[in-house]
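Here is how the chains run, residue by residue.
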Amino acid sequence: MGEAQLSIRNLYVEYHTDEEVVHAVNGISLDLEQGESLGLVGETGAGKTTTALSILGLLPKPNGKVTSGSIFFEGKELSQIPEEEMRQIRGNRISMIFQDPMTSLNPIFPVGEQIAEALEIHFSLSKEQAAKRTAELLELVGIPRNRMGEYPHQFSGGMKQRVVIAMALACNPKLLLADEPTTALDVTIQAQVLRMIRDLKRRMRTTLILISHDLGVVAQICDTVAIMYAGKIMEYGKIEDVFHHPLHPYTEGLFASIPRLDRTQKRLSSIPGLIPDPSNLPSGCVFHPRCPYRMDVCNQIVPTTVEWEGRKVQCLKYQELS
Amino acid sequence: MSSPVKPHPRTPWQEFWYRFRKNKLAVGGMGVILLYVSIALCADLFYSWDFIVGNQIPNAFAPVGTKAVVDWGGKKVEHLYILGADNFGRDVLGRMIHGARVSMIIGFVTIAFAVLVGGSLGAIAGFYGGVLETIIMRGADILLAIPNMLFALAIVAAMGPSFQNLLLAIGITSVPIYVRLVRASVLTVKDQEFVEAAKALGARDGRIIVRHVLPNCMAPVIVQATLGIAQSILSATFLSFLGLGIQPPAPEWGNMLSEARPYIISAPHTLIFPGLAIMTVILAYNLIGDGLRDALDPKLRR
Amino acid sequence: MEPLLEVRHLKKYFHTGYGTLHAVDDVSFRIPKGSTLGLVGESGCGKTTTGRSILRLIEPTSGEVLFKGRKVLDATPSELRALRSEMQIIFQDPYSSLNPRMTVSQIIGEPLLIHRRARDKKELERKVRDLMEKVELADRLYGAYPHELDGGRRQRIGIARALSLHPQFIVCDEPVSALDVSVQAQILNLLKDLQEELGLTYLFITHDMSVVKHMSDTIAVMYLGQIVEMAPAEALFEKQLHPYTQALISAIPLLEPGGWKDEEVLKGELSSPIDPQPGCRFAPRCPMVKSQCTEQDPPFVESAKGRFSSCVRAKEMI
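Residue numbers (our numbering), protein chains in the order written: chain A, 1 to 322; chain B, 323 to 624; chain C, 625 to 942.
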């Protein structure tokens, strides 16, 4: 167990619009070791994508802002380094795969050229060297090298996502952020792509943050999982621990609302109510209005993170344990 | 992003107004237009028609701010030429105010005509498609292929210069833009699921078009219409300048320019003020148009 | 038992620049009153086109649709309008399926106006409020606009609109795929409750295997325009009699960490059914393919009691 490769400390991110302040990320802390893969799970508006964009320094300007906290990558604080150096890190040491493969590729250039471009920028390779490496990368993701000269529209959705992944891997990144990489794909194609990601991860020992709303996807790929809700990490732990014994009431509710293949249910148990408005978060614990174990103090006291045996949970139920 | 109910639900109209208000230039433009419209409406309160079309030869080219005696209904009356007098001694400000009325009417009437005719044709073409669409769209294409001014000139030249013919000429040349615009919007809206839902509920075509399709096509039409009004006013002044629009002695900004043209050096005020009027009104409409585009553009919604 | 809805040999072909797209190619099924048929498949398999063709939102190329014994495809425009009060649809996208210029009450009340189901404003308002209560929409949202609401509430509006004319049959076209899981569970529960309370019959279209299992009595699996397997829900998940169904089920990411072994996954990708060759459409990707599979169209037959499959090797899989 070495030094953490990526370390997020008490990160807060806000989006300012004319009318309101959206509290997208509200004090999250995470540590990832080299080669670890973390699943970041949560529903719409939980702050998953915002977290990834803050790591890359790509929050939409001028609305999005890190208001406090810090992100350390390989010992350097990312907010302190100049934009020029950040550009070097982006795409090179940290790269990101976006949800929609259709919009991640430029329709007017052949896919091979788009991958080669990244190589030429970051490694100043010659045209021939870049082409050779591109062919290797495409084969790595299961695309025959003779398709290098084809344009994005000649590829199916699953193949496009493979191209995007090849592009992200082009510079041997140390950290890969994958934002819902298979959500736009059909289930049999998703299975192919997920297996590929899993194999690549094992082979290249890249650190991975997999953002997904699908607990099943995370279960197949990740070692650890963080459950996000309203910009906070409600629960964190080893994947087996969290999946077999969820601690936080939200995690419990999330698992219970998924229809199961392995048993028959007459009714699903759903979490009552709605995801809170991020511009007007509830007082105390953000989950308390929907929580079945709500206590009187839950709307007054913001729970702190309780930590033991490698697990973390933010809930007043467990507060006495600390 | 999921947005739970806001404390103060807004109607689409309130939402629009909130966004439009933030564009100060557009609000300024709207102020200018409102001012022009109210002056045009009350033109007769300021200057009577007979007075501004009657010659006062002795006062020809009176400079700005001249106080002079005029012959009014057989009596000699003292009159202040706020913006001076033209080559026939007529009050420039008075003629501009009555001219504003003409310009405003031309702007509104021609565009209303074009939106109504072009919009209906475009809606039919977009909604039903097929042969009907081909006929309508090719017709529009042909009209668009003829330069606008040339076409308007031809209509007025053939039918004779009159106010009605001017309206008709400018109105007809504006139609094809709205045919294309409305058809394009209808095509995108009619594939939305709420239109299909209405069909599934057993709604008739008329109801679907009027209630579901057209209201969701209005944004680009409103923007285009605002810019179109400016274009129409400009076309009308141009035709009048050429002597094919409003005939003197009736005042119109274009024919005022035309009449003042020989005196541009000796009596610049006869030309500058109507010119400024045209400029400000066109600018104002364009600013409103830009403001509307921003306020109505769904892409800018959060 | 007499089925409420019966579909026979339904076909919908689209003529494209590349050839004829067989979007729905000879689909037949029956749905008994009060039950749910789940139609499941990947994108482009024709499940949505099937749903729309039954309601004639798309005119099918050929085939027969019988609703309570009446021929839907032969109905005149006025008969069709009347039929549509009995057959309704709930859409996938809770954003584009509601007219943004109308309030919640106008949207829910519109069908009542179209079919003159309310004598006056007061009755209309009462009926709209009743419907809102039925789908658990708060009364204060009566005058709200859809864009002020989240996906779950918007989907409830869509459901209330579909229910307003007291239909007996509803096509649910991916009604929860745009929703978050916690909201998805609420909507699925609501749909089940309504079915029980009102005796509704559903055609439930989805790409999500766990959702379709939860909702359906019988499941039909579609692949490139055809139903390849049909069976009672529980039985289908216990044993699959078509290699495509097998592949589909083994591709589901289970909730069990590390549940996937390193076994082979289904190779290749979906093509589109443009001018299809004779033979089984799954043959190019099928791990169990035989020479006869590509020679002639496989028949869709009852391979075991209550179980239908179009695989010539179905008997071997029992």
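Just to be clear, a hint being listed does not mean it is correct.
Said to hold, decoys possible - Dumping the calculated SDA-like pairs for lysine to any residue here, alpha-carbon to alpha-carbon at most 25 Å:
(1) B:344 with A:19
(2) B:344 with C:882
(3) C:657 with C:640
(4) C:891 with A:203
(5) C:891 with A:198
(6) C:692 with C:682
(7) C:863 with A:61
(8) C:816 with A:19
(9) A:266 with C:771
(10) A:238 with C:882
(11) C:692 with B:434
(12) A:201 with C:891
(13) C:891 with A:184
(14) A:174 with C:882
(15) B:521 with C:798
(16) A:238 with C:682
As the list claims (entries may be wrong) - Selected chain A positions facing chain C (Cβ under 8 Å, derived; list incomplete):
(17) 56
(18) 59
(19) 191
(20) 217
(21) 239
(22) 260
(23) 271
As the list claims (entries may be wrong) - Short, incomplete list of chain A residues facing chain C, as computed with Cβ under 10 Å:
(24) 9
(25) 42
(26) 113
(27) 153
(28) 156
(29) 157
(30) 189
(31) 256
(32) 267
By construction, these hints were calculated from the structure, which means they are not laboratory data.
Note that CB positions come from ideal geometry on N, CA and C, so glycine has one too.
So, going through the hints one by one against the coordinates:
Restraint check for residue 344 of chain B and residue 19 of chain A: satisfied, since their Cα atoms lie roughly 12 Å apart, inside the 25 Å limit. Taken as a hint, the residue 344 of chain B and residue 882 of chain C pair is broken in the structure, with Cα atoms around 54 Å apart against an allowance of 25 Å. A distance of roughly 37 Å separates the Cα atoms of residue 657 of chain C and residue 640 of chain C; the hinted pair therefore is violated under the 25 Å criterion. Restraint check for residue 891 of chain C and residue 203 of chain A: the C-alpha separation of about 22 Å stays at or below 25 Å, so the hint holds.
For the suggested pair residue 891 of chain C and residue 198 of chain A, the alpha carbons sit about 17 Å apart, so the restraint of at most 25 Å is met. The hinted pair formed by residue 692 of chain C and residue 682 of chain C meets the criterion: a straight-line CA distance of about 21 Å does not exceed 25 Å. Annotation: proposed proximity of residue 863 of chain C to residue 61 of chain A is violated, straight-line Cα distance about 53 Å (limit 25 Å). Pair hint residue 816 of chain C plus residue 19 of chain A does not hold up; C-alpha atoms about 40 Å apart against a cutoff of 25 Å.
For the given pair, residue 266 of chain A sits about 33 Å from residue 771 of chain C by alpha-carbon distance, which is inconsistent with the 25 Å threshold. The hinted pair formed by residue 238 of chain A and residue 882 of chain C meets the criterion: a straight-line CA distance of about 12 Å does not exceed 25 Å. For a cut-off of 25 Å, the pair hint linking residue 692 of chain C to residue 434 of chain B is broken: about 51 Å separates their Cα positions. A threshold of 25 Å between alpha carbons decides the hint, and for residue 201 of chain A with residue 891 of chain C the separation of about 21 Å falls inside it, so the pair holds.
With a C-alpha separation of about 18 Å, the suggested pairing of residue 891 of chain C with residue 184 of chain A holds against the 25 Å cut-off. Pair hint residue 174 of chain A plus residue 882 of chain C holds up; C-alpha atoms about 23 Å apart against a cutoff of 25 Å. Proposed proximity of residue 521 of chain B and residue 798 of chain C is supported: the alpha carbons are some 19 Å apart, at most 25 Å. The hinted pair formed by residue 238 of chain A and residue 682 of chain C fails the criterion: a straight-line CA distance of about 50 Å is larger than 25 Å.
Here the hint on residue 56 of chain A is broken, as its CB sits about 25 Å from the closest CB of chain C, past 8 Å. Restraint check, residue 59 of chain A versus chain C: the minimum CB separation of about 23 Å is more than 8 Å; hint violated. The beta carbon of residue 191 of chain A is positioned within 8 Å of a beta carbon in chain C (closest approach about 4 Å), and the interface hint is therefore held. Here the hint on residue 217 of chain A is kept, as its CB sits about 5 Å from the closest CB of chain C, short of 8 Å.
The criterion of a C-beta within 8 Å of any C-beta in chain C is met by residue 239 of chain A, whose closest approach is roughly 4 Å, and the hint holds. Taking 8 Å as the C-beta contact cut-off toward chain C, the hint placing residue 260 of chain A at the interface holds, the least distance being around 7 Å. Among the interface hints, the one on residue 271 of chain A holds; its C-beta lies about 4 Å from the nearest C-beta in chain C, closer than the 8 Å criterion. Hint status for residue 9 of chain A relative to chain C: violated, with the closest Cβ pair at about 28 Å, above 10 Å.
Hint on residue 42 of chain A holds. Least Cβ distance to chain C is approximately 9 Å, under the 10 Å limit. A distance limit of 10 Å between C-beta atoms decides the matter here; for residue 113 of chain A the minimum to chain C is near 23 Å, and the interface restraint is violated. Interface hint status for residue 153 of chain A: violated, as the beta-carbon distance to the closest one in chain C is roughly 14 Å, over 10 Å. With a cut of 10 Å, the hint placing residue 156 of chain A at the interface with chain C holds, because the nearest CB-to-CB distance is about 5 Å.
Nearest Cβ of chain C to the Cβ of residue 157 of chain A: about 8 Å, under the 10 Å cut. The hint holds. Checking residue 189 of chain A against chain C by beta carbon gives a least distance of about 6 Å; that is within 10 Å, so the hint holds. The interface hint given for residue 256 of chain A is met, as the beta carbon of that residue sits about 8 Å from the closest beta carbon of chain C, less than 10 Å. A hinted interface residue such as residue 267 of chain A counts as satisfied when its beta carbon comes closer than 10 Å to some beta carbon of chain C; here the least separation is about 6 Å, so the hint holds.
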